[in-house]
Amino acid sequence: MSALAHDAEKSETRVFDLDLVRRDFPILSRTVHNKPLTYLDSAASAQKPQAVIDVIRYQYEHEYANVHRGAYSLSEALTSKYELAREKVRQFINATTDREVVFTKGATEAINLVSATFGRTLEAGDEVVITGLEHHSNIIPWQLLRDQCGIVLKVVPVSDEGDVSLNDVAAALSKKTKLVAVAHISNALGTLLPIKEITAAAHAIGAKVLIDGCQGIAHEPVDVQDLDCDFYAFSGHKLYGPNGIGVLYGKEDMLNAMPPYQGGGEMISNVTFERSEWAELPAKFEAGTPPIVPAVGLGAAIEYISGFDRTDIAAHENDLLVYATEQLQTLNSIRLIGTAEKKAAAVSFVLEGAHPHDLATILDRSGVCVRAGHHCAQPLMDRFGVTATVRASFGMYNTREEVDVLIDALGHAREILC
Amino acid sequence: MQAAEKDEDILSLYQKIILDHGKSPRNAGVVEQHDCRSEGKNPLCGDRVTVTVAIDDEGQVLDLKFDGKGCAISIASASMMTEAVRGLRTDDVRKLIQAVAKLCKEELSPDQFIAEYGDGLGARLEPLTALSGVRQFPARFKCANLPWHTLLSCLDGSDSATTEG
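Here the protein sequences come in this chain order: A and B. Positions 1 to 418 (our numbering) are the ones given, in order, by the first sequence. Positions 1 to 165 (our numbering) are the ones given, in order, by the second sequence.
Source of the hints: derived by calculation from the structure; they are not laboratory data. In this text, a Cβ means the ideal position worked out from N, Cα and C, and glycines have one as well. Heads up, a few of these hints could be off.
What the hints assert, rightly or not - So the derived list for chain B, only partly shown, Cβ under 7 Å to chain A, looks like this:
1) Ile10
2) Tyr14
3) Ala28
4) Gly29
5) Cys45
6) Asp67
7) Lys69
8) Cys71
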């Protein structure tokens, strides 16, 4: 980040006032079953601040056309906003250049993009290393690649605490390792992985690194140059932005060396029936009309978050995590799944005698939204011998009082079920 | 939590009989000498149930057991299903499977359910009307229906069933 940009940000930094923050998110004032909404599912998708909602509405009402095409002012105006959103992403993750910021429809597509392009350069016997706590979206693309071209998929074990140790990652690396693909933060447990150290270990033996940053981007400051990862994938909707937009960060030389992902308009520089040439980065990976307004909305979300000192947000979320963990442990017969030392913004648990789905249905009647299920991490559930957990996850707008509502509602649910 | 304590919908979903079957399921296990077996899954939540059925030459269900992991609703539904279906002819079982789905979707009231399908089976079908509590919770329909859906695919000779697709 340039000194100038840094100063500009600093001068605009908002004090983190929870009441004011909550007022920025209009949905938080609604009720569910006549109870105030207690939204504890931000790890699945975060709510949207007014600033994001307003931008989306403004674009469709006043300034909408396709991008990169029209030689008319409407298209030019939106094109420059689309590209400005890319620049905001670049600054947010501190990429070297906006050529390294590829817009996708989400993190899933971003990871599939890498498996379908970088993956095509791999050969039978090459190894891809993942961990036992990955989301299905960072498992299946590599299984598909394995089935296509015979790579070997190695899985780093998860400890009883739901942690992944650097030693175990190092033990899984070999001369054949071509890629290490790991989550920044576990979506199911909240475990924070040592991604900088993992990246260094992988690079030391010549492997590339992809970080699934779906959860990480919302809770941790991300500096891709400092991390030195080769790819960082995330979705906009978990970062208080709209859905339908995601980002693949890739080092410029990596993206240049990779074949295109999808073919179509936008991604070419010249087309004949004999042969075609690819557009420069990042257009090479953005075939077809992109998610234009969602990208602009993501830019607005990033601007909103960047208005705060992110350490204030992280401190608040950590307070919620510590408080919720304490309060849950006061309940009888609770089993916390995921007790790693370093965690962020999510608690996963099971209550003896009460299935997560039954709990979630009853919690909903108290206005409490939690996720019950396998969290798209079935191998991780198997690791802990459960089919499902309840997960309460926190965003910047949640409160200790909402944790109290959760605890009360769990007690009530247990009265009904047990 | 005063209002929540009077939540009739929740109390209707989690009636005593449902909780009882959910906690102490009947006929849990596997019919060793089975004629058909099917494993049902709800891939969205990970719940699964395996149904094994023994049928005699006359097409009558001799024995029926289930083995599964799931929520109170799906386990209770499976447990009550085994009690209701045992001894029925398979063509009546098929009718009953359809009727239960309608009961859970509010297409049949509990009284209609008994009147239309309970021909001589009233006492046996009575407990199933507790499943109608699920109608206020569309997201939980699949929980109640998974065992029945799996039983149908079992009778159809398929070894697997899914609530999706």
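Subject >> Structure versus earlier hints - violations, ascending order >> reply: As far as the earlier hints go, 3, 4, 6 are violated by this structure, in ascending order.
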